[in-house]
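Novice: Here are the chains, one letter per residue:
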Amino acid sequence: MNSFYAANLLVYAGVDIIACLALNLQFGVSGIVNFSFIVFQAVGAYTAAVLSMPPDTAFGYDFQFYFGGYHLAFPLPWIGGAIAGGLLAIPVGFVVLRKLRSDYQAIALLVLSVIANTVITNADKFLNGAAGLALVPAPLSDQFDPNSNGYQFFYVGLTAVCVVVVLVLSSRLVDSPYGRSLRAMREREAAAIAIGKNPVQLKMTVFIVGGVIAGLSGAVLVGFIQFWAPSVWLYPETIILFAAIIVGGRGNNVGAILGALLVPVGFEEVTRLLTNASIGLPPGVIPAMEWVAIGLLIIGFLWFRPDGVRPEQRHVFEDAPMLGDE
Amino acid sequence: MSLYVAAFGFGLVSMSVIAIAAVGFTMQFGITNMINLAYGEVMISSAYVAYYLNRAGISIWIGMIGGALFGAVFSFLLNRILYAPFQRKGTAPIGMVIVSLAVSLMIANLLLPIVGYYNVSYQNSTGDVLRAGSIVLTTYQIGIIGVAIVLMLLVHSLLRYTRLGKAMRATAANPTLARNCGIPTQRVIDAVWLITGALCGMAGVVAAMNSDSFAIANGAAFLITILAAAVLGGAGQPYGAMIGAVLIGLITEFSAAAWSPQYKEVVAFGILVLVMVLRPQGLLAKRGAMAAAG
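Protein chains in written order, with my numbering: chain A, 1 to 326; chain B, 1001 to 1294.
In case anyone wonders, no lab produced these hints; they're calculated from the structure.
Hints may contain errors.
[Claimed, not checked] Here are the computed distance ranges between Cβ atoms for each label pair: (1) Gly1090/B / Asn198/A: 24 to 30 Å; (2) His1156/B / Ala190/A: 33 to 39 Å; (3) Ala190/A / Ser1134/B: 35 to 41 Å; (4) Thr271/A / Gly1116/B: 18 to 24 Å; (5) Trp1061/B / Glu187/A: 48 to 54 Å; (6) Ile225/A / Ser1002/B: 46 to 52 Å; (7) Ala130/A / Cys1181/B: 54 to 60 Å; (8) Gly1090/B / Ser3/A: 48 to 54 Å.
These figures come from a predicted structure and were not determined experimentally.
Don't be surprised by glycine CBs; every beta carbon is placed ideally from N, CA and C.
Next up, chain A with everything else stripped away, as it sits in the complex (with noise of 0.2 Å):
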């Protein structure tokens, strides 16, 4: 086990972490099924890369095509993918949040997730097509060296303060009696609506918030594999993220990082152990494997175990009057 190996798992680790905090505000607490998720992670990591790269007329970048190129400084990429993040909900939000049931969300979401990857890959003097963007400076990299291993923990770190920032911020949203208006929202929604919430405000909002958080997810990870491509954010890496937030447990933060060490990160080092095993099986059976794998986990914690390894606390007012069960 080498630091580069070490490094690599650690910042996966903290990119999945920090995509399950935000669908799990979307998810778990708030009930919207996001299953384009992955889109705002790409949308997040595409603004990073151009905005970090230079323009595709420059040298050593002259075999790919792609609009932007602003060279910017660490950290202004991960900020911009953050902001993309958040842009790309507002209007998709609009669409999907205002009149629809949450089943026709759920496969609005899912159809723009296959849509919006068709049209990237095809699109190939957009963001150089199914070839992807490669070369992403990684951040600071003209200070440092990124092929240390100095460099290598720099990383983990800065994805550690990351993951700490995004996890005080959706703790705070979810204690908050704003969370307690999401979670109104989520088991009953008429009810919510007449004690005065507005919904469809809720839903955006927070909608909002998962996009900014998944952009930036996406540009951290960008900034450390140095590369993207439609084949990386292909909609069933969605489901990933839902088994992780169904196995940890929905509606609670400690479930949905539970969640990310136990399904993307598990699941990851697993392929990676069988593969190293090399058990005399055709090449692509493992993956395939993995990703029936991943269906019955959801079936199957769905069916069993439906609230998680870690159930979502009931939240109860110490003074609250005895009113028996449910």
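Guided by the hints, dock chain B onto chain A, whose structure is given.
Specialist: Only chain B this time, still in chain A's reference frame:
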């Protein structure tokens, strides 16, 4: 101009394929309240069943019946083993959507190691070329249109003139009331899954016949076009799905002629978004996107 006349010809074939698929999909939703996102994958599995029959030297038209049988049994089992128990448990419609998406992922990835990653196509599945002005269609494409017309008439007669169809409509409108009136809703729902599964299987085979080649990855694209047609017509409405299929089939083929065939699904998606913004309940809606959940 002749380009658009030719596109109209292809539109006729496209709408036939979409109609078979979308009617099955929308009936599943309308009667059993199940948005089955695994529909596209069941289609592609049936297309592969027909492919293996076809490779064994059986005519593709017989293969189509094989695909239909496979689709019917597969859908029936899917509901019996998975969807129905979850629904009985009281899982919300949105939970069912997640379950069906997980199923879709599982079918695609179980199939991958079996059928491989490469695109395949049926043997001798085009037939002779017929020309009428600028419209150029193969005899097999005309066969597809014929199959679609026959199936649509069958669905119409089933829903209008048979006891089973009446029971299906009653179950769709109000399952509890239907049960109280002595309709065996359980058996009606089984029948719905068998019939819609057969439509799904046929749709998979004709869709594969109508494209040059196909692979597992096509399932998602099928699903988008079907969703667009079903939502456009008003989800749960078989006649709405037929109208939706006609519109989506024509519009996507015209857009392919005017713009680029790569963006067919994108155009279908554009229509889907417009419908969701402007008329979420669809064209023919009694119970559409606006209805209360559950």
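Novice: Which earlier hints can't be squared with this structure?
Specialist: 3
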